[in-house]
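So the sequences go chain by chain: A and B. Counting along the first sequence from 1, when you hit position 63 you're at 63 in our numbering, and nothing is skipped either side. Counting along the second sequence from 1, when you hit position 66 you're at 66 in our numbering, and nothing is skipped either side.
Since the hints were derived computationally from the structure, they do not count as laboratory data. Since this is a predicted model, take the numbers as computed values, not measurements. Keep in mind that the hints are not guaranteed to be accurate.
Said to hold, decoys possible - SDA-like, lysine to any residue: derived pairs with alpha carbons at most 20 Å apart:
(1) B/LYS16 x A/THR210
(2) A/LYS256 x A/LYS159
(3) B/LYS16 x A/GLU113
(4) B/LYS16 x B/PHE26
(5) B/LYS111 x A/MET30
(6) A/LYS159 x B/LYS62
(7) A/LYS121 x B/ASN20
(8) A/LYS169 x A/GLU113
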Amino acid sequence: MKRARRLPNPTKPKYSIKKDIKMNWQLYLMAAPAMILLFIFGYMMDFGAIMAFQDLDYNKGLFTSPWVWFDNFEYLFAGTTIWRVTRNTVFYNLAFMAVNTVTSIGLALIINEMTSKKFSKIIQTILIMPFFLSMVVVSIIVYAFLAYNSGFLNNIIMKLGIEKQNWYKMPEAWPYFIVFINMWKNVGFSSITYTAIISGIPQEYYEASTIDGASRWQQCWRITLPQMKTIIAIGLINSLSAIMSSDFDLFYVITKNEGALYSTTQVLSTYTYNALRSMSNLGMTAAAGLYVSFIGMCLVLLSNYVVKKIDPDSAMF
Amino acid sequence: MKVKKKKSRLISNQIKPSTNFVINIFMTILAIGTIFPLLLCFMISISSQQSISDVGYTIFPKEISFIAYEYLIKAGQNMWRAYGNTIFYATFGTVLSLFVMSMFAYVLSRKQLRWRYALALYTYCTALFGGGLAAAYILTTRVLRIDDTIWVFIIPGLVSPFNVIMLRTFVQSSIPDSLVESAKLDGASEFQIYLRIILPLFKAGLATIGLFGVIGRWNDWFTAVLYVRNQKLWPIMTLLQQIERSMSMLKEGTPAAATAEGIRMLSQMPSESTRIAIMMFAILPLLIAYPFFQQYFVKGMTVGSVKG
């Protein structure tokens, strides 16, 4: 599909714009609703990003608020919070990438080894399930484990003779909790792609290597993993391109937006939301949003360029 | 003997039975571990208040009581309304979104259009850059002024550029041009072709995207927190999230609060188990439907990953 677009298209019509509209007005009419919606929620919203350069007054609106150019950014980057929040975002994403890639590939490899296909289907179905739960539901589940007075975790450590902990006031423990929760929620779902790739590897490779005396373990290292190289690389590049984005629900609802945990759990998306909620400085909030969007866009373009080099079919555009 | 054993494994290309046994045990433990949190929550929802204060949240409560569910069924009108709202937003929003997106995807796939690539580029570009939360807030509340209405749940999520491109690829790869051309010769209009020919052939693609649409809308709690002050419009997930702060959400303005019996019931409502009972209700449709729809999206994902 991508290749075809670069070549001159033999079926491309040669007639004039007027004739094109006259002939295809029905099609343009059918495209209109989606195009209008994309205009409003794509372009108009992007245009709204200019308020990062204004001293925005909510009541005055976008066109009458005074321009302050880069003051909002100066104010934003002068504080220490934005750096801490950026650091949190980047480190969490790196941790998610490492943990989720390794566990989901491991899971796919094990599922592939299971002799009973029916049993492996059932197991996979169960492991995918958490992916579909709302974060609000997950937050209640997490609370059932971590609550101070009756939480499951405190129950257990008290039985072991350790004093119970107030987890929602312990920022140092949360990076582990969040990485674990994220893994629990996503590992089954991300393993789907890998199991599909593994089942697509030609059986002849395995048969030939078995004749040469390769053990199952060797086959895994020498055949399966090398065959998955491209898809793993592309997956990693795509997650790198999203390194500035952060799952708002995960960091906001699960931590109950607990101020005591901000030092290790506040990320760019929750920071922006909390700033917006307090309505203290709309311009600065927009500046933070623009900072994330801009770096995000550059990373997406860059990663798309790299992916195109590796495997043109997997590139987004 | 050894050679023979190897040969039999060669044909089936499988691991040793003992290894397989270990793997099966490991995976079973993993699966139980994955659903254990839900099981724990269910047990909390049927624990009595006394049991919770005595032994805390546990898989084996001292005393089982279905009182939380009883309260919700008798006096939980606020929850049921939120539930109805969720069902409406999820189904209506998804159907409308599938309609708009698939119509657009069909147009994008037509080779006769002069501005086909321009339109595709127009769609791609919106996916690249986001205006940010502040811009979205101003747009919704100041420009469109759809905050505090049901439209804020429906309209903003209607068109996703990624899904449009996915659907277009699907039409291009699975529906031959000749089919459309022959229908045209028979005098069908473009809209008729879309409705009668494309949509029925589209089912598999629409089902996968629709499934994610329904689940995404079902799980959404944030829209209402940001834009909707009228609690009567809240979906179930927002109610659930806000209930964490106070149970009053469930009690204020319910018809049950008008009667003496209702007031007594509401005042005795066990907050911890009730909260989790609401959560159980909220995920019940997912848990029931999940085993059935699971195979569809696995198929959809697999097709997507092969095609890229």
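Right, here's what the structure says about each hint:
1. At roughly 14 Å between alpha-carbon atoms, B/LYS16 and A/THR210 fall within 20 Å of each other, so this suggested pair holds.
2. With a CA separation close to 27 Å, the supplied pair A/LYS256 and A/LYS159 exceeds the 20 Å bound.
3. At most 20 Å may separate the alpha-carbon atoms for a hinted pair to count; B/LYS16 and A/GLU113 meet this at roughly 10 Å.
4. Annotation: proposed proximity of B/LYS16 to B/PHE26 holds, straight-line Cα distance about 15 Å (limit 20 Å).
5. Note on B/LYS111 and A/MET30: the hinted pairing holds, with a Cα-Cα distance of about 15 Å set against a maximum of 20 Å.
6. Under the criterion of a C-alpha separation no larger than 20 Å, the hint pairing A/LYS159 with B/LYS62 is consistent with the structure, at around 17 Å.
7. With a C-alpha separation of about 15 Å, the suggested pair A/LYS121 and B/ASN20 falls inside the 20 Å cut-off, and the hint holds.
8. Pair hint A/LYS169 plus A/GLU113 does not hold up; C-alpha atoms about 43 Å apart against a cutoff of 20 Å.
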